[in-house]
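Novice: Once you have looked at the hints, place chain B on chain A.
There are 2 protein chains.
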Amino acid sequence: MKLVETVPNFSEGRRKDVIEKVINALSSVKGVHLLDYTSDQDHNRSVVTLIGDPESIMEALFRGTQKTTELIDLTRQQGVHPRIGAMDVIPFIPYKDITMKECIELSKSLGKKIAEELKIPVYLYAYSASNPARKRLPEVRKGEFEGLIEEIKLPERHPDFGEPVIHPTAGATAVGARKFLIAYNINLNTREVKIAEKIARAVRETSGGLVNVQAKGLWLKDQEIVQVTMNLMDFEVTPIYRAYELVKMEAHRYGVEILESEIIGLPPIKSLLQSLSYYLKIRGKGYDFSLEERLTEKLLE
Amino acid sequence: MKLVETVPNFSEGRRKDVIEKVINALSSVKGVHLLDYTSDQDHNRSVVTLIGDPESIMEALFRGTQKTTELIDLTRQQGVHPRIGAMDVIPFIPYKDITMKECIELSKSLGKKIAEELKIPVYLYAYSASNPARKRLPEVRKGEFEGLIEEIKLPERHPDFGEPVIHPTAGATAVGARKFLIAYNINLNTREVKIAEKIARAVRETSGGLVNVQAKGLWLKDQEIVQVTMNLMDFEVTPIYRAYELVKMEAHRYGVEILESEIIGLPPIKSLLQSLSYYLKIRGKGYDFSLEERLTEKLLE
Numbered sequence: 001m002k003l004v005e006t007v008p009n010f011s012e013g014r015r016k017d018v019i020e021k022v023i024n025a026l027s028s029v030k031g032v033h034l035l036d037y038t039s040d041q042d043h044n045r046s047v048v049t050l051i052g053d054p055e056s057i058m059e060a061l062f063r064g065t066q067k068t069t070e071l072i073d074l075t076r077q078q079g080v081h082p083r084i085g086a087m088d089v090i091p092f093i094p095y096k097d098i099t100m101k102e103c104i105e106l107s108k109s110l111g112k113k114i115a116e117e118l119k120i121p122v123y124l125y126a127y128s129a130s131n132p133a134r135k136r137l138p139e140v141r142k143g144e145f146e147g148l149i150e151e152i153k154l155p156e157r158h159p160d161f162g163e164p165v166i167h168p169t170a171g172a173t174a175v176g177a178r179k180f181l182i183a184y185n186i187n188l189n190t191r192e193v194k195i196a197e198k199i200a201r202a203v204r205e206t207s208g209g210l211v212n213v214q215a216k217g218l219w220l221k222d223q224e225i226v227q228v229t230m231n232l233m234d235f236e237v238t239p240i241y242r243a244y245e246l247v248k249m250e251a252h253r254y255g256v257e258i259l260e261s262e263i264i265g266l267p268p269i270k271s272l273l274q275s276l277s278y279y280l281k282i283r284g285k286g287y288d289f290s291l292e293e294r295l296t297e298k299l300l301e
Numbered sequence: 001m002k003l004v005e006t007v008p009n010f011s012e013g014r015r016k017d018v019i020e021k022v023i024n025a026l027s028s029v030k031g032v033h034l035l036d037y038t039s040d041q042d043h044n045r046s047v048v049t050l051i052g053d054p055e056s057i058m059e060a061l062f063r064g065t066q067k068t069t070e071l072i073d074l075t076r077q078q079g080v081h082p083r084i085g086a087m088d089v090i091p092f093i094p095y096k097d098i099t100m101k102e103c104i105e106l107s108k109s110l111g112k113k114i115a116e117e118l119k120i121p122v123y124l125y126a127y128s129a130s131n132p133a134r135k136r137l138p139e140v141r142k143g144e145f146e147g148l149i150e151e152i153k154l155p156e157r158h159p160d161f162g163e164p165v166i167h168p169t170a171g172a173t174a175v176g177a178r179k180f181l182i183a184y185n186i187n188l189n190t191r192e193v194k195i196a197e198k199i200a201r202a203v204r205e206t207s208g209g210l211v212n213v214q215a216k217g218l219w220l221k222d223q224e225i226v227q228v229t230m231n232l233m234d235f236e237v238t239p240i241y242r243a244y245e246l247v248k249m250e251a252h253r254y255g256v257e258i259l260e261s262e263i264i265g266l267p268p269i270k271s272l273l274q275s276l277s278y279y280l281k282i283r284g285k286g287y288d289f290s291l292e293e294r295l296t297e298k299l300l301e
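Chain order of the listed sequences is A and B.
With the numbering used here, the residue at position 225 of the first sequence is 225, and numbering never jumps.
With the numbering used here, the residue at position 97 of the second sequence is 97, and numbering never jumps.
Next up, chain A with everything else stripped away, as it sits in the complex (with noise of 0.2 Å):
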């Protein structure tokens, strides 16, 4: 059987009725497994994880996407979190019996739907994207939705569906096929943003760090601390403990500490024991090791 994750991405992280009817018309379609949601107040946006097989993930993420459009006003949207669309981002992860190549079709399928029938301009990114700018995300969501009102005009900014105009509240969003990615934020015991700016530049790959890992450094209001922010796009080969130990390092430069961290939504057991292996020094077995990872096989089978 075909298995399809998808984690949208959308801008709205604090009101609970509309956080709500997002989720509720993302996992109303039968088929469709509703895993794992997650809301942050400072970045204003949730994240949520589905899987099912392809044809009902479609249906599900164009009903949570209508939702935005009509709940989410990006005019009047604030968040740390860069962003472009009142949906932001929507991955096509393989999960299983599903390649890679079927995930970029869908989500060129979806990314079409969205632009003809929603009127917002979309953006294939990642294993999606129609050229190598547009790969990162990052580069994808330069000058966010305020920046892109004007940009989309320019030639290169220009989105790979619609028209080069942005939708006057949801703005844009970007659609792509990718690896499993993991968002993983590290809070530390400062009030000085700029150490967490370091810290970021010092781990990611853009700035001499770690390969497959995006970074940024980000001051959280509400609880008066740093943050580093980061991606791990590519885990078997970057894994979790890495990039902690290496942030770890680089804070105690400045006298600072690792006060807690956190993995955004549902992260594959693969990568939180291959983390767990290091420290416990855990030999041979290989990753798949836990009770429910084998039953999980097995009920799948």
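If you're looking for bench data, these hints aren't it; they were derived computationally from the structure.
Just to be clear, a hint being listed does not mean it is correct.
A pair counts as met if it fits within one copy or between any two copies, since identical chains are not told apart.
Claimed, not checked - Derived lysine to any residue pairs resembling SDA-like cross-links, with alpha carbons at most 20 Å apart:
hint	residue 1	residue 2
1	K21	Q77
2	K112	M1
3	K270	K281
4	K142	T190
5	K270	D36
6	K179	Q66
Note that this is a predicted model, so its numbers are computed, not measured.
Specialist: Only chain B this time, still in chain A's reference frame:
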């Protein structure tokens, strides 16, 4: 749907053909999922993890015990792990929609059948124990197969099922209901078994260490190193990382380091994420944050 887990331990970890035949017998019943097995040369022992509905599991365990009785002769079997029987221990663990009380009933019914049909004396242990002295497996196994030949005649060592006469080749079997147990071994970079014994005394409940932890020091002939072998009897209260860090701390006193550690069988994911959360200071979420665990829940709904 009622699901019970069982982790039979049998006294053969070297002869591949024998191991295979026992595994086949244990997994030959429809409705039984064979999730895992591990065989250890030094321990000369295999540990199997099965899950299924109670009736199928009962039949599978009887067939497996019958097979070990045919193929394993304890008068010729040697290993560093203590044992009283060819099929040494059979625990029943509540997994889903089943109570500890029901698992106690299952253990008694299987024990009776093994004693009557295979002429193997059976001891009830853990939650099924008929008196407090039999709650702990090390007590039930005291003297091992060789010692029990005589001791079984003493009233306080009479079996719960069957005559007080040991089976000449298959010994005796312990059957009982219990919580999930984590068998956890830590290897140390020293050849001095006395150091492993001292560390074991320092970390186990009966001599000043952690509650819910049983521990022994062993010499691993094949690898020429020593091991602290532990049972964590209630990981929700006394987690894996605490045992690991305490062994590490006690080992440092002797200038000894941990080489590697090994979890035998399939631990519940909760026990693993609990430890990962310690190392990565993961906040909030509890321990059900992997994709596979959530999916298993949905698939079993």
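Novice: Evaluate each hint against the coordinates.
Specialist: Verification of the hints:
| no. | hint | verdict |
| --- | --- | --- |
| 1 | K21 <-> Q77 | within (17 Å within a copy, 65 Å between copies) |
| 2 | K112 <-> M1 | neither (26 Å within a copy, 43 Å between copies) |
| 3 | K270 <-> K281 | both (15 Å within a copy, 19 Å between copies) |
| 4 | K142 <-> T190 | neither (28 Å within a copy, 56 Å between copies) |
| 5 | K270 <-> D36 | both (18 Å within a copy, 17 Å between copies) |
| 6 | K179 <-> Q66 | neither (25 Å within a copy, 48 Å between copies) |
In the structure shown, a violation is registered for the earlier hints numbered 2, 4, 6, in ascending order.
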